[in-house]
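Peer 1: Chains as they are written, first to last, in UniProt numbering: chain G, 1 to 232; chain A, 1 to 232.
Keep in mind the hints are simulated off the structure, nothing from the lab. In this text the structure is predicted, and so the values were computed from the model without any measurement. Hints may contain errors.
Label pairs and their computed distance ranges (CB to CB) [to be verified]:
no.: 1; chain 1: A; residue 1: Ala-51; chain 2: G; residue 2: Ala-151; range: 27 to 33 Å
no.: 2; chain 1: G; residue 1: Glu-14; chain 2: A; residue 2: Pro-118; range: 54 to 60 Å
no.: 3; chain 1: G; residue 1: Gly-25; chain 2: A; residue 2: Gln-58; range: 18 to 24 Å
no.: 4; chain 1: A; residue 1: Arg-125; chain 2: G; residue 2: Met-61; range: 33 to 39 Å
no.: 5; chain 1: A; residue 1: Gly-143; chain 2: G; residue 2: Asp-10; range: 39 to 45 Å
no.: 6; chain 1: G; residue 1: Ser-112; chain 2: A; residue 2: Thr-172; range: 20 to 26 Å
no.: 7; chain 1: A; residue 1: Pro-216; chain 2: G; residue 2: Glu-22; range: 17 to 23 Å
Quick look at which bits of chain G chain A covers, simulated, 3 or more residues with Cβ under 8 Å [unchecked claim]:
no.: 8; stretch: 7-15
no.: 9; stretch: 77-85
In silico DSBU-like cross-links for lysine-lysine, where the CA-CA straight-line distance does not exceed 30 Å [unchecked claim]:
no.: 10; chain 1: A; residue 1: Lys-89; chain 2: G; residue 2: Lys-55
no.: 11; chain 1: G; residue 1: Lys-54; chain 2: G; residue 2: Lys-106
no.: 12; chain 1: A; residue 1: Lys-155; chain 2: G; residue 2: Lys-55
no.: 13; chain 1: A; residue 1: Lys-106; chain 2: G; residue 2: Lys-155
no.: 14; chain 1: A; residue 1: Lys-69; chain 2: G; residue 2: Lys-15
no.: 15; chain 1: A; residue 1: Lys-54; chain 2: G; residue 2: Lys-89
no.: 16; chain 1: G; residue 1: Lys-69; chain 2: A; residue 2: Lys-69
no.: 17; chain 1: A; residue 1: Lys-106; chain 2: G; residue 2: Lys-106
no.: 18; chain 1: G; residue 1: Lys-54; chain 2: A; residue 2: Lys-147
no.: 19; chain 1: G; residue 1: Lys-89; chain 2: A; residue 2: Lys-55
no.: 20; chain 1: A; residue 1: Lys-106; chain 2: A; residue 2: Lys-147
no.: 21; chain 1: A; residue 1: Lys-69; chain 2: A; residue 2: Lys-15
no.: 22; chain 1: G; residue 1: Lys-147; chain 2: A; residue 2: Lys-55
no.: 23; chain 1: G; residue 1: Lys-147; chain 2: A; residue 2: Lys-54
no.: 24; chain 1: A; residue 1: Lys-89; chain 2: G; residue 2: Lys-15
no.: 25; chain 1: G; residue 1: Lys-89; chain 2: G; residue 2: Lys-147
no.: 26; chain 1: G; residue 1: Lys-155; chain 2: A; residue 2: Lys-155
no.: 27; chain 1: G; residue 1: Lys-89; chain 2: G; residue 2: Lys-69
Idealized CB from N, CA, C, for every residue including glycine.
Here is how the chains run, residue by residue.
There are 2 protein chains.
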Amino acid sequence: MGEHIVSAFDHDLEKIEARISEMGGLAEELLAGALTSIETRDTSLAEQVTARDKKLDQMEMEIEEFATKVIALRAPMAQDLRLVIAALKICTTLERIGDLSKNIAKRAASISKLGPLPTTPSIIRMGRATQAQLSEVLSAYSGHDTKAAVAVWRKDVDIDEMYNAMFREVVTYMMEDNRMIGAGSQLLFIAKNLERIGDHTTHIAEMAYYIQEGAPLGDDRPKGEPVSPAID
Amino acid sequence: MGEHIVSAFDHDLEKIEARISEMGGLAEELLAGALTSIETRDTSLAEQVTARDKKLDQMEMEIEEFATKVIALRAPMAQDLRLVIAALKICTTLERIGDLSKNIAKRAASISKLGPLPTTPSIIRMGRATQAQLSEVLSAYSGHDTKAAVAVWRKDVDIDEMYNAMFREVVTYMMEDNRMIGAGSQLLFIAKNLERIGDHTTHIAEMAYYIQEGAPLGDDRPKGEPVSPAID
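Hey, can you work out the whole structure from these sequences and the hints?
Peer 2: Spelled out as structure tokens, the structure:
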């Protein structure tokens with residue numbers, strides 16, 4: 001944690017890391033709940049996810065306020081400053097992951113009114129892979145594990161590929177059966193939201209790397225084939 | 001800009017504001033170009049938008065680096081610190097607006113292969129409204145105009161409503177004509193990207209408000225009717 005010896009300052013930095021980890025844990029729970037609500041068509045669980053997203057918004061504001069105070073009062077330098085600035089960025093990213101999870105959960109209500117959807121297993125598989133990535137990047141962050149952060153960052157290509165496959169699968173169902181169009185559109189948005197959560201996860205990986213290394217992670221992350229109709 | 005008299009510091013803060021405005025101008029250009037590429041099915045313009053998005057990524061990194069240096073070397077306080085922290089947040093938001101614009105432009109290529117799409121005028125209308133919001137929030141930011149920032153923030157509800165109307169319109173076309181499903185899915189994503197750009201614009205409005213007022217803008221922003229299938 002650097003060379004400084006001001007213990008109140010150490011305590012502040014530890015508190016920032018702890019709050020980010022706590023917020024990350026809640027974001028992961030919301031994503032897990034959203035996926036279960038789609039899988040089991042549990043609209044009351046979907047409502048819980050929506051309600052708990054407010055807590056995430058509040059945590060974001062608290063972290064922002066505290067991090068700003070730490071900058072103003074302690075004038076952190078080098079890695080300490082990077083940790084505080086990364087916290088300001090990561091808390092916004094986690095808030096967006098919560099928003100996207102809430103958005104997925106809200107679609108459970110629309111989907112619950114429809115007949116069986118043949119694509120549900122694929123979307124849940126994609127969702128659980130996204131959730132695993134989020135979980136791993138949070139561990140990499142709290143364990144200051146740069147290697148693990150890079151590994152998560154590289155693996156996002158798998159999520160992108162699942163998204164492209166999912167897009168083609170859903171559009172095919174929509175073309176075969178007109179009654180699938182409403183539900184299919186919902187599924188396309190759920191897949192897109194998961195793909196975005198994957199992107200946000202790589203952003204956290206970049207921040208975890210930046211804190212430790214003091215340099216950006218680079219711009220050559222492999223991406224899923226962009227030629228398909230799904231695009232990015 | 002506060003009471004301090006260190007002129008090199010004033011210069012740093014002005015530079016941060018100028019770079020954010022410059023970056024905002026480029027983000028707005030990319031959005032405008034993306035919309036024109038959809039409207040006129042101009043795939044070479046779409047490619048230009050994609051290429052210029054790299055410049056936006058580079059500007060984000062430069063602003064982050066400079067803002068971090070300013071915090072470390074000048075230890076800004078109060079409104080000055082808020083300006084620097086807001087810049088760190090706004091540059092990420094502008095980078096995302098660029099990404100979403102690039103994503104819209106990429107869809108021009110898919111759409112250009114298809115027959116006439118009856119919904120193009122609606123999506124362009126929604127796009128131009130989103131672009132106007134972005135332009136207004138950037139003026140509010142550079143003019144330190146809190147009232148204008150709040151006005152933009154409140155008007156995002158119009159974008160949300162256009163998005164919901166658009167969603168229903170496109171799904172109706174898809175149901176009436178199966179050959180519209182591929183193009184319709186592209187249009188749904190374009191509409192969703194515009195709605196997200198609208199959300200990012202409100203985030204810039206919140207930051208412009210926070211710099212001047214030192215308090216969050218509040219959480220009671222009106223939102224478009226969430227009961228429709230489009231959701232959020």
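Peer 1: Each hint should be assessed against the structure and marked as holding or not.
Peer 2: Hint check results:
A C-beta distance of roughly 30 Å is found between Ala-51 of chain A and Ala-151 of chain G, which places it inside the suggested range of 27 to 33 Å. Between Glu-14 of chain G and Pro-118 of chain A, the C-beta spacing of about 58 Å keeps the proposed range 54 to 60 Å intact. Distance hint check for Gly-25 of chain G and Gln-58 of chain A: the Cβ-Cβ separation is about 34 Å, which falls outside the suggested range of 18 to 24 Å. Between Arg-125 of chain A and Met-61 of chain G, the C-beta spacing of about 35 Å keeps the proposed range 33 to 39 Å intact.
As the Cβ distance of Gly-143 of chain A to Asp-10 of chain G is approximately 42 Å, the hint placing it in 39 to 45 Å holds. A beta carbon spacing of about 22 Å between Ser-112 of chain G and Thr-172 of chain A agrees with the range 20 to 26 Å that was offered as a hint. Range check, Pro-216 of chain A to Glu-22 of chain G: about 20 Å between beta-carbon atoms, so the 17 to 23 Å window is met. Check on the stretch 7-15 of chain G: 0 of its residues sit with their Cβ under 8 Å from a Cβ of chain A, so the three-residue criterion for coverage is violated.
Restraint check on the stretch 77-85 of chain G versus chain A: 5 residues with Cβ-Cβ distances below 8 Å, three needed, restraint holds. Between Lys-89 of chain A and Lys-55 of chain G the alpha-carbon distance is near 21 Å, which keeps this suggested pair within the 30 Å criterion. A C-alpha spacing of about 14 Å is found between Lys-54 of chain G and Lys-106 of chain G, which places the hinted pair at or below 30 Å, so the restraint holds. A C-alpha spacing of about 25 Å is found between Lys-155 of chain A and Lys-55 of chain G, which places the hinted pair at or below 30 Å, so the restraint holds.
As the CA atoms of Lys-106 of chain A and Lys-155 of chain G are separated by approximately 24 Å, the hinted pair is consistent with the 30 Å bound. Distance hint between Lys-69 of chain A and Lys-15 of chain G is fulfilled; the C-alpha atoms sit about 24 Å from each other, no more than 30 Å. Of the supplied pair hints, the one linking Lys-54 of chain A and Lys-89 of chain G holds, its CA atoms being roughly 20 Å apart against a limit of 30 Å. The hinted pair formed by Lys-69 of chain G and Lys-69 of chain A meets the criterion: a straight-line CA distance of about 17 Å does not exceed 30 Å.
At roughly 28 Å between alpha-carbon atoms, Lys-106 of chain A and Lys-106 of chain G fall within 30 Å of each other, so this suggested pair holds. For the suggested pair Lys-54 of chain G and Lys-147 of chain A, the alpha carbons sit about 26 Å apart, so the restraint of at most 30 Å is met. Distance hint between Lys-89 of chain G and Lys-55 of chain A is fulfilled; the C-alpha atoms sit about 21 Å from each other, no more than 30 Å. Using a Cα cut-off of 30 Å, the hinted pair Lys-106 of chain A and Lys-147 of chain A is violated, with the two alpha carbons roughly 36 Å apart.
Only pairs whose Cα atoms come within 30 Å are accepted, and Lys-69 of chain A paired with Lys-15 of chain A is accepted, the gap being roughly 13 Å. For the suggested pair Lys-147 of chain G and Lys-55 of chain A, the alpha carbons sit about 28 Å apart, so the restraint of at most 30 Å is met. The suggested pairing of Lys-147 of chain G with Lys-54 of chain A holds, with an alpha-carbon distance near 26 Å, which does not exceed 30 Å. Taking the CA atoms of Lys-89 of chain A and Lys-15 of chain G, the gap is about 21 Å. The hint holds against a cut of 30 Å.
Of the supplied pair hints, the one linking Lys-89 of chain G and Lys-147 of chain G holds, its CA atoms being roughly 20 Å apart against a limit of 30 Å. A hinted pair counts as satisfied when its Cα atoms are at most 30 Å apart, and Lys-155 of chain G with Lys-155 of chain A does not qualify at roughly 39 Å. At most 30 Å may separate the alpha-carbon atoms for a hinted pair to count; Lys-89 of chain G and Lys-69 of chain G meet this at roughly 15 Å.
Checked against the numbered hints listed earlier, the structure breaks hints 3, 8, 20 and 26; every other hint is satisfied.
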